[in-house]
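Novice: Model the full assembly from the supplied sequences, consistent with the hints where possible.
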Amino acid sequence: MNVDLNKLVPAYIRKFEAYIPSKPDDELQKLYGCGPIIRLNNNENPLGPPSSAQEVLRRFPPPRAAVYPSGDSFHLRRKLAGLYGLDPDQILVGNGANEVIAFVIKAFCKEGDNIITAEKTFAVYEWVAEFSGFHAKLAPMKDYGFDDQGMLARIDDRTKILFLCNPNNPTGTYWSEGKLRRFLDRVAGHRIVVVDEAYFEFVEQEDYPNGIELLREYPNLVVFRTFSKMYALAGLRIGYLVGNLDVVDIIRKTCVVYSVNSLAQEAALAALDDERHILRTRDMVKRGKAFLTDELTRLELPFVLGEGNYIMIRLPMSDTLAYRRLMQFGVMIRSMTGFRFPNFIRVTISERPAMEAFVRALENILE
Amino acid sequence: MTNPLRQLRLTAPAELDFLSTVTSMVENAAQTFGLESEGSLKLVLATEEIFTYLCHAGRSEDTIHIECSDYWYYVRVDIVLPVQPLNMEAFNLTARLSPDSDSDLKDLGLLIAGRSVDRLQMEEQYPAGVRLMLIKEKSYPEGEEILTSAPSPFESYSIRGPEPEEIKRFASLIQQTYDSAYAPSCVRFPGKMADMVAGGEYGMLIAVSPNDVIGGGIFWRYLGSETVESFGPYLFHQAPDSPMAEGLLDGCLAGIGRSDAVGLLSRYTTAQLPAGYFEALGSMTYCLPNKTSLSREILYRQLKEDPGRRVWAHPGLKRFLEEQYHRLFLARDIHLVEHQGERHPAHSVLAAEFDRSRNTITLRPIWAGTDAAENVSRHVQLLKKDPLCTLSFELDLGKAWQAEFTNALLDNGFVPRLVFPHAGVSDVVVFQRLMEEPLP
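Chain order of the listed sequences is F and D.
The first sequence begins at 1 in the working numbering and counts up by one.
The second sequence begins at 1001 in the working numbering and counts up by one.
Please keep in mind that the hints were generated in silico from the structure rather than gathered at the bench.
Just so you know, these numbers come straight off a predicted model, no measurement behind them.
Yeah, the Cβ is synthetic: ideal placement off N, Cα and C, and Gly gets one too.
Just so you know, not all the hints are guaranteed correct.
Below 25 Å or equal to it, Euclidean Cα-Cα: the simulated BS3-like pairs (lysine-lysine) are [to be verified]:
#1 Lys1399/D to Lys30/F
#2 Lys106/F to Lys160/F
#3 Lys30/F to Lys1318/D
#4 Lys23/F to Lys1399/D
Covered stretches of chain F (chain D as the covering partner; in silico rule of three or more C-beta atoms under 8 Å from a C-beta of chain D) [claimed, not checked]:
#5 236-246
#6 279-291
#7 320-327
Cβ pair distances, simulated, as ranges [as the list claims (entries may be wrong)]:
#8 Arg1327/D to Leu83/F: 37 to 43 Å
#9 Glu204/F to Ser1225/D: 42 to 48 Å
#10 Ala1271/D to Glu363/F: 27 to 33 Å
#11 Glu1323/D to Asn364/F: 46 to 52 Å
#12 Pro21/F to Gly1161/D: 28 to 34 Å
#13 Glu363/F to Thr1285/D: 34 to 40 Å
#14 Glu1297/D to Asn210/F: 42 to 48 Å
#15 Ser1295/D to Asp156/F: 32 to 38 Å
Specialist: In structure tokens:
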């Protein structure tokens, strides 16, 4: 018996290309004939989770794996609510921030609707919209940043959500509080505005806004945060959204309960207490950025460096070729053609030995 | 491939009694879709040959589906039929052929059809069947020279998609400014270019001054779903160090970077192609209608990070592959395939694709069999009489069974020329045989 996929599969799924994640390290080492892989491709935190979270992981009783987790991350939501002065029901926890992107789009969009985001930003807003059958309208960047006027100009009757990545991945640009407020004022509550703050904890600029503090004034605002980046729990997949109570009540209808495992919930809960981890990470990122700035200047390579734990470098060769060649030295970076920055690579800021290994490999392939 | 503007469908039993119904439908549809009389008749002839051939080769209980579609600048007839493994052999160009016998020419339906249209393609149809596609392009007038004074190099410009009239103007400027070796033949027909872009099969960007004078452009087309071919960038009277070419290429890459394409190919490169964007895969030799040949360097860049992969190959190809993969820095685990006495089907099947605009015939295996060597040899004997004198053969290294054709190809004068990463289930090796070369 055969399945007639031509009839069963919607056109918007058929045209969509599945994302192929990289192979596990052991497979990559075999294929590229290299030593241990230095992963500088996913903006992970090389310091690992905060020590309090590591303790939770070490002490997790194996028999607990047989028991379902809290379906709505009860304790974690209470803790976050206490930290931010919110009602716990204003928070939804997901299996990574990627999952909460899908919750929001499913909650507000129906056939014929669209979302708006930037042309050169984190791809998942665009992807989730497109493979859900909704149009993603893309505003070109302005000076490597989101263009507020370009986004506003694209709003039409069917626009439901505007996605802003603040700071932007991969360029590191950000909107100040004043600019974000002006944008929200122009939207005037007529559309949902999502501000993705995945790299919030890395930013120290005084004019950088805390989206959660704006929720009272702008009930159409939804803020994303994640435990994958600063808190280094990417392997456990946990992130959350925060919004106005009525808005979150609607999003909750599309939320998959029990999708966040017990270990992730407890590790995240513990991670929030470790302020020193944030300071150590920021210090490591600062030193890494200074080192790379010097080295890239010496190599006469243009780069784009802003907030966040990453840097974008322009190469005199195809970024996908650079990916393959750097892999032969065991260094894994992110090629940027898929972010619409051809011949750029994005490199995660890491500790000195990893940064030195990257520069050595880079010099080698540029010879 | 984009969606057709209009389409007609007909389902008929595989019986000759329905031949006139089928040909009438194709003729009427083709003329309604704008194909001129001569082109319509050629498409009808090709359809007639194939339908007749299938009635002879198939079973009367088989049902044949015929679709006639309007694709802006061409009309396409799709002939789809279910296939049992037992009668797959009939889809070889050379099936039922007894060499040197004129009486058997009636059995060369696929070959005759291939000579009547601009493109003939065959592919397996999911879940079980074969789809034959006959493509005949519409006629367009050649472009006329644009009388214009040479503009000064632009001080400022913007890059954007063109309006229909700008597409035609851009085509004419290419035709006037560049030698024919640097642009595909379609630039000679500006109206056709406009339809190619309007139909969605081609993408295009132009660079224009503040008062909309065209200073350059680039265009690209999808070759299947995973490979895009770019043409240009073309610049008109711009400074040699102008960043315009880079801007155009960046624009093209931004346009396809998040599509399902995995690779960008460039065969028509100009002197303005910015350095550092492409890798050289190798070169291919194309025979020209005047019996001369032209060697083209094939440039390529991946659009996605290469995940590394396993490929299947015959030992005879191992050294070539190792050299290519080493040169291209592609991580591949080469698994050798050898016949060790296991039972194989008796008859292999090859699909032939005719492309008149490029003077090429491309063979691809769709079924393995113990007669692979004889089958390849029969195809070479038959096709060397064809005026399309560039013969290529593509082996998909993701399908272990295709490795069995390697010896047959090497024994019949084919030479491996290059590896296209990810062009099939896995990488594809392209072999070439120039048809004036004698059989070994």
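Novice: Using the beta carbons of Ala1271/D and Glu363/F, state whether their distance is inside 27 to 33 Å or not.
Specialist: Since Ala1271/D and Glu363/F have Cβ atoms about 30 Å apart, the given range 27 to 33 Å holds.
Novice: Do the beta carbons of Pro21/F and Gly1161/D sit within 28 to 34 Å of each other?
Specialist: Given a distance of about 33 Å, which is inside 28 to 34 Å, the answer is holds.
Novice: CB of Glu363/F to CB of Thr1285/D, is that within 34 to 40 Å?
Specialist: holds, 38 Å
Novice: Can the stretch 279-291 of chain F be counted as covered by chain D under the rule of three residues or more with Cβ-Cβ separation shorter than 8 Å?
Specialist: Not satisfied, violated; 0 residues make the cut.
Novice: Taking 46 to 52 Å as the hint, is the beta-carbon distance of Glu1323/D and Asn364/F inside that range?
Specialist: Violated, since Glu1323/D and Asn364/F (Cβ atoms, about 21 Å apart) do not stay within the stated range.
Novice: Is 42 to 48 Å a correct range for the gap between the Cβ atoms of Glu1297/D and Asn210/F?
Specialist: violated, 55 Å
Novice: Is the hinted pair Lys30/F and Lys1318/D satisfied, with a Cα-Cα distance of at most 25 Å?
Specialist: holds, 19 Å
Novice: Taking only the CA atoms, is the gap from Lys23/F to Lys1399/D under or equal to 25 Å?
Specialist: holds, 21 Å
Novice: Taking a Cβ-Cβ distance under 8 Å as contact, does the stretch 236-246 of chain F have three or more residues in contact with chain D?
Specialist: violated (count 0)
Novice: Does the Cβ distance between Ser1295/D and Asp156/F fall inside 32 to 38 Å?
Specialist: violated, 51 Å
Novice: Run the distance test for Lys1399/D versus Lys30/F: straight-line Cα separation, threshold 25 Å.
Specialist: holds, 22 Å
Novice: Given the proposed pairing of Lys106/F with Lys160/F, does the C-alpha separation stay at or below 25 Å?
Specialist: Roughly 11 Å separates the two Cα atoms, so the pair holds.
Checked against the numbered hints above, the structure violates hints 5, 6, 8, 11, 14 and 15; every other hint is satisfied.
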